Each structure stands twice: as structure tokens, then as C-alpha cells.
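Place chain B on chain A using the hints.
Residue numbers (the working numbering), protein chains in the order written: chain A, 1 to 253; chain B, 1001 to 1559.
Quick caveat, the hints were computed from the structure, so don't treat them as lab data. Quantities reported herein were computed from a predicted structural model and do not represent experimental measurements. For glycine and all other residues, C-beta sits at the position ideal for the given N, C-alpha and C. Honestly, I wouldn't trust all of these hints.
As the list claims (entries may be wrong) - Quick list of simulated restraints, FRET-style, between CB atoms:
#1 B:A1541 to A:L185: 42 to 48 Å
#2 A:L81 to B:L1371: 44 to 50 Å
#3 B:W1003 to A:D175: 41 to 47 Å
#4 A:G126 to B:E1455: 53 to 59 Å
#5 B:R1007 to A:G73: 55 to 61 Å
#6 A:E184 to B:G1336: 33 to 39 Å
#7 B:V1012 to A:N47: 23 to 29 Å
#8 A:G126 to B:I1301: 27 to 33 Å
#9 A:A135 to B:V1219: 26 to 32 Å
#10 B:W1003 to A:V179: 47 to 53 Å
#11 A:L81 to B:A1533: 39 to 45 Å
#12 A:L185 to B:R1200: 36 to 42 Å
Claimed, not checked - Which bits of chain A does chain B cover? Going by a derived footprint, with three or more residues having C-beta under 8 Å, they are:
#13 58-64
#14 81-91
#15 114-125
#16 136-150
#17 175-187
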Amino acid sequence: MAPGEPPPTGPPLVIEELSIAYGERRAVDRLSLAVRPGEIYGLLGSNGAGKSSTIKAIVGLVPPSAGRIRVFGFDVVADGLSAKARIGYVPETSLLYEALTPREFLEFVASVRALPEAVASERAAGYASAFRLEAEFDEPISSLSNGTRQKVLLIAAFLHHPPLLVLDEPLNSLDPRSVRLMKELLARYVGSSGRGALFSTHTMEIAQQLCHRVGILDHGVLRAEGSLADLRERAARGDAPLEDVFLRLTRED
Amino acid sequence: MTWREARRISSVAFGEVCLQAVYAFRQGNLPTSVDTSKAAALARRRVVQSKILVAGVLTLITAGGALVLHLAPRLAEGPFFGVPVAVPVVEAGVLTGLLSLDVAFLWWTGLQVLPTLLASGVLAVLEPLPIDARTLGRAAGLLYLRLFDLPAIAVLVATPLFVGEVLGPLAGIATIPGVLAAIVFALALALLTGRAFVRRVQGSRGGGGRAIVRWAYLVLWLLPAFAMFAFVVAAGGFFALLAATLASGPSLARDALLAAFPFTFATLPPLFAGGRAGFGLTPDGLAILCAAAGSYLAVAIGGFSWLMGAVRRVGLAPPLAAREFVPPRFALATHGAARAVLTKDLRISSRTPGYAFLVLLPCLDAVVIGLFTFVAAPSSSDAREIAIGAVTTAALLATFFGPAFFAIEVNAYAYGRTLPLGDRAIVLAKAGLIAAIYLVASGLVLGITLLRIFEPTRFVAFIAAELPAVVAAALLELGILFRRSRSRGLPVANLYAGAWWALLVSIPGVVAAGAPLVAFHLLASSSIDLGLAGMGAVAIAELALAAPLALGHDRRRPI
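Bound conformation, chain A alone (with noise of 0.2 Å):
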């Protein structure tokens, strides 16, 4: 979002019984949840589950086979570009390239956001150091290690102030204290102003602390769906970890 525009209404993300499907295998069946204004919304889910081709859906890499996905209105495939421009992504894996160092990178990125210099080059700079990347930020990313790539992958994220944060995994390979300035950050960033944020994670213990809702996947499909309290009356686990009550709520009969 460029600079000066007035913040965005509505609700940052609404999925409507979207389904997914590779062949003949359905990744994701008639799922359907939102993201609401200054909410984490974790999305839960094993291995397999449907976490990350919900979220390719959302940012646009992989097209739905039913249904709805709109980001603040804008629908990601009539809209594409829109709906993109209002996003921040992190994925999964470490997708950057190789080629380019960091700084190229987030020019390359920041130039496509339509970021003015000045803007980028501070909210850059006020990120790099936060994320001690100062050593880094102009050797070619085929040398960094996953953790520094996935700080140069979070700063591109944020650094359009995007409205809704979608992040696969965010934490992976992050040293400890880059970790806790994550969780800060992102309880910061989304709380004000309408933002909002998808956290996909099976680390359970960071779900529990940083989400204000939380969505479990199974095989594609939504079990449940609610604050950490809501889940627990669902499964009858009175004050029990999240990592219990996904596993009593995910468990096959």
C-alpha cells in the first residue's frame, strides 16, 4: 500500500468454500473461514493438511477449483493484482533469488510495490537493523544462510505496510532473539488500524501465544475454529495446550 492512502475497511480476508484440487487428490474441501480486522488468525494443521495450498490459493499461485477467496473485497483471481498489492508474503520456504543480494532484492520488491525511495530505504534500513542484517544486505543471497533468507523474506514482507500479513512458517531457521522481535512485530503491526494477519504454523506453543483465533485443517477441511478457550470447551480439555486439544480434535475415529 502506497504511502498516505487511507487504511482499508472490511474484512482483510474472506474464504468461501474453497476447494483445491491436484488431479484427483482435494487438497482443500469447501474450506471456508475469515480473517477479521487487528486479528491473527492461525491456521493449524499436520503435515498434509491443506495449510500451504490454502495459502498459495490466497496469494495467487495456485488457482481454486471452487469457490472464494477476497482480500479487503478485491477477489484474487477477477483481481488479481489488486488483491496482491494489499498483501505481505512470507513463504514456507526460502524462495528467493539466488542471483541478486538483499538490497537488489528488496529494490526489485519495494520498485513493484511502488514504493517511493525515501519510504523504502528507511522502513529498509529501520528493519535490516532491527534484523541485524547490516552484514549481509549486499552479499548475493545464493550464500546466506535459510535464517538470514528468511529475514530478507520478512522484510520484503513488510515493507509496503501491507493490510494482511499471510505467513507459511514464518519462524522457521530464525535464531532466537529474531524470534521473539517477530512475535512482537507482528502483534505491533496488526493490531492497529484494520490489519490483519494469517499464521500458518504447526508449532503449536507460538499459535497459542500469538493468535487471537485459530483454525485447525485436517485432510483439507476445517474441524474447528475459535479462540484457544473456544477450542478447549469444543474438546472438553479444560486448560489444555493447544497441542493437546488439536490432537483430540484431529484425531481419526
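Only chain B this time, still in chain A's reference frame:
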């Protein structure tokens, strides 16, 4: 562990290298829409097709060399060399050129292939496994050799066959040591220079000054590709020097020539064909020849043994040497989307030899042809004709290779497509890059030939008149590719895959770039100004047709 085990490991690793070379998953491409069980087989097939292509080119070069060998008696007695040259000397000279081309071509292919091997990450996966270092080294070496097996076999079979056909079976067999040595030297050179390249270029830091250094290294890297052209230009002088040196009798120069690779091996076939008298070789000359040939073979055997361990070491070496920390400035330079894509492509090209080749080849080719005007053009009008030829070549090369820039989008595709970047910006950026390459190449020709051509205005008009056609050709090719990618998923158009399709797409582009040139040549016989006007009209008309086709589709269309 044994050679058999190493071969088995290399076979499995080769499948992975093929998969990565074709689908570029480690470089950020999305999983393919092709059934994964078929993807590996498809990737292997594509790599084999590329190897067959390279093998075919080498076979053609060898056949061409044999044809020139066949003409050696006529060349020797004719005025071609300016001085009398004995037939065996001509034959040795031709074979010298042939072996040099084999080395240059395999070396250049190796430089293209090595980054793909390293980027596949295969060696890093094998290293922690419970396999002894020697077997791992052999497996890595065999893996490297597998990337060249068909071209190497082609040249190893074709050379004795074709030379034997011309000079006799013994002479044909006598080529084998030279060819073997050439193959080993080429692969070793590729590994050595590739290692230096990976550190200096791929591992180079950002910054404008360093980009210039990277491009300078890449120019050096490209020079082997010009070996054929250089040899053709210098052939006359080369043969005259050969003849004079050999005729001078025992001397340091003669001894040095006899001991120089590949001339040492190039003399063997004519000698075995009974041409000793033509060389005027004394017993000590023969002794030098034999000693040199034996030494080179020993070095080749040592080189092969070195390769078996070196590939593993190169593959596992850190990409950068440790260096001093320089506090960065965090200022980011931002531009429009199309310019951002173009800048990104140039930066990636400056660290990736395959793409750098696409940028540099038209430019270097233009420089070489421009310099040729000083060698071969007796008059200003001749120089102008050659310069026009150079610009024509630049236009055709830039558009012929243009679709390959599409392959850069495969890099980090799974991230790049999540950005709000429409196809139109990408197409404009790529077309802009192709046009820029054409203009730089043409500008280089203009700069070099300014001293020879005294009417630069018309030459500048020629360059300007062709420019819309180059842009039109680029838009046409890229528009076709993008439409295809949208209907079938992004095609993986890199060195190993989709090459046939990329070549097919180049045909309409080359036709579009060539049409105004044809118009010029048809009309210029009446008047050069008429030719220029006609050329410009055709080019502008092409651009008017191509632009809506390439840019007119809905940029908000779904993926």
C-alpha cells in the same frame, strides 16, 4: 567402495541434476503440473536432447574440418595462403584448428553446465552419506563427465571416422590421442575457470563498480565461443606462419611449434598418412614431437585423475572467500515496475553465465565484426557494408535469443508471482532489454567503424530504422510465450528444457526482425535513402501490429 558403486551413485545423482536443470525447484520454481512420476523421465529426456544437440554441432564442426582437409591439396597449391605450403602442413593446420575448436566448444559448454551442476545441490546431499571420500570423488567426477558424454563420444567417433575417410584409416586412428587430450583439457579448463567464475562472479557483492568487474569476467568467459571466428579470420596468416616456421629447419621456433598443443597431435595423422617429407622433420624434430605428445598424454591422464576428485571439492567449496565487513548504506533505489524487472534481469545475468551469454554475444559479435572492417575492408563503402552486416547480426541475435530471457522468470517464480506484477510490465521489460542489447551492440559497431565510415548519419539512420522491428520481434516472441504459459503453466525454458519450443518461437521473431532488413536491401539498390525509408516503414508497421497483440491482453487476468 568401487567404480561400480561410484557409477551407481552418479546415475542417481544425474537424475536429480536433470530434474533441477529442467524444473529449477531449488531456484524457486513451482512444482510442475506434469505428473511427478513422469517429470523425472521428462527431465532426463530433455537433458539427453540437449546433449544430442551439442554432439550434433560438434559432429558438424568435425565434418566441416574433414571437408577442408579434403580440399587441402587445392588450398596448398592455390593463392589462398600467399606462400607455398606443403599439403601435410595444411592438413596439420586444419587439424590444429579442429582440435582447438573441440577444446573451445567443450570448454564453453562446461562453463554453461557447471553452474547448473553446482546449483542442483546434489553434491551437498551426497556428502554426509556414509560413502568414502574416494568413491564420492569418483561419483562426482563421473557425474560431471555424464554431462558431456554424448558430445565427447561424438567427437571421439566422428574425428577418426571423418579424418580416416580423407587421409586413410591409420591417420584416422592417429587422431584419437589428440581428441582424448582435447576432451580432458577442455573439461579441466571448464572446472578451473568455472570455479574462479563462481567465486568472482556469482559470489560477487552488490554495487555498481562490482557489476562492471562481473561483466568483465563474463566477457573473458565468453571468449572461447569466438574461437571459430578468430580462427577463420586468422587462418591465412596462421598457415603462412606454420609453413615458414617448419621450413626454417631446426630452431627454437620450430621446436616450440612441434611441442605446442594441439599442433603436436595435429601432425600425427598427416605423418601416418605418409606426409613426413612435407613437414621436413629431422630426427630431433621427430623426437620432440614424440616427447611432447607423450607428455601431453601423461598430463591428460593426470588431468582425468584430478577431475575425479576436483569436481567434489569445487562443488562443496564455500561460494565466497571470507572478506572484510563494509558497513552498508541502506538506501534503496526504486523505479517503475518494468524498469525494476529489467534491472533485476541485468543483475541476475551479471551473475549467471547462461543469461550473460545472451546479453554479451550480440555485443561481442558486433565488436568482432566491427574490428574486422579494419582487417578486411579496403574501402569505406566495404567497411559500411560490413558494419551494416554487424548491425543486422546484432538485430537477429538479440531477437533469436530473446525468448530465453523469459527463463529468468523461472527463478523464484513461486515468490515472484505473488507480487502485484502484471504480464505487461514483464513483457515490456524483456522487450526493453532486448532493444537495449541491440542498441548497445549497434553503438559499439558505430563507435568502432567511425574511423572507417565517413557517412555516419546514414548508418545511424539504419540502426534507428531497425529498432522498431527489434522491439516488435521481442514483443511478438514474449507475447506468444506468455500466452502459452498462461494456458499450460509456466514453461521451463532454460538451457536444458523447452529449447525446441523456444527455438520455434524465435522463428517469427527473426522473421519480424529480418523483414525490414530485406526491404532495405531490395530498395537500397535504387537509393539508400529509399531503402532506409522503406525499412523504417516496415519496422514501424510491425511494431504497430505486434504491440497490441503482446500487450493488449487483460493484465488482471487470473494466473
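Hint check:
At roughly 56 Å, the beta-carbon separation of A1541 (chain B) and L185 (chain A) lies outside the given 42 to 48 Å, and the hint is violated. Roughly 48 Å separates the CB atoms of L81 (chain A) and L1371 (chain B), a value that falls within the hinted 44 to 50 Å. Taking 41 to 47 Å as the suggested C-beta distance range, the pair W1003 (chain B) and D175 (chain A) conforms, at roughly 44 Å. Against the hinted window of 53 to 59 Å, the Cβ-Cβ separation of G126 (chain A) and E1455 (chain B) comes to about 58 Å, which satisfies the hint.
At roughly 60 Å, the beta carbons of R1007 (chain B) and G73 (chain A) sit within the given window of 55 to 61 Å. The given range of 33 to 39 Å is respected by E184 (chain A) and G1336 (chain B), whose C-beta atoms sit roughly 35 Å from each other. As the Cβ distance of V1012 (chain B) to N47 (chain A) is approximately 25 Å, the hint placing it in 23 to 29 Å holds. For G126 (chain A) and I1301 (chain B), the Cβ-Cβ distance of about 60 Å falls outside the hinted range of 27 to 33 Å, so the restraint is violated.
The hinted window of 26 to 32 Å between A135 (chain A) and V1219 (chain B) holds, with their beta carbons roughly 31 Å apart. At about 48 Å, the beta-carbon gap between W1003 (chain B) and V179 (chain A) stays in the expected band of 47 to 53 Å. Between L81 (chain A) and A1533 (chain B) the CB atoms are about 41 Å apart, so this pair conforms to the stated range of 39 to 45 Å. Between L185 (chain A) and R1200 (chain B), the C-beta spacing of about 37 Å keeps the proposed range 36 to 42 Å intact.
Counting residues of the stretch 58-64 of chain A whose C-beta sits closer than 8 Å to any C-beta of chain B gives 4, which meets the bar of three, so the coverage hint holds. Counting residues of the stretch 81-91 of chain A whose CB lies closer than 8 Å to any CB of chain B gives 7, so the stated coverage by that chain holds, three being the minimum. With 8 residues having a beta carbon nearer than 8 Å to a beta carbon of chain B, the stretch 114-125 of chain A meets the requirement of three or more and the stated coverage holds. Counting residues of the stretch 136-150 of chain A whose CB lies closer than 8 Å to any CB of chain B gives 6, so the stated coverage by that chain holds, three being the minimum.
Residue count for the stretch 175-187 of chain A with a Cβ under 8 Å from a Cβ of chain B: 0. That is fewer than the three needed, and the coverage hint is violated.
The structure is inconsistent with the numbered hints 1, 8, 17, although it conforms to all the rest.
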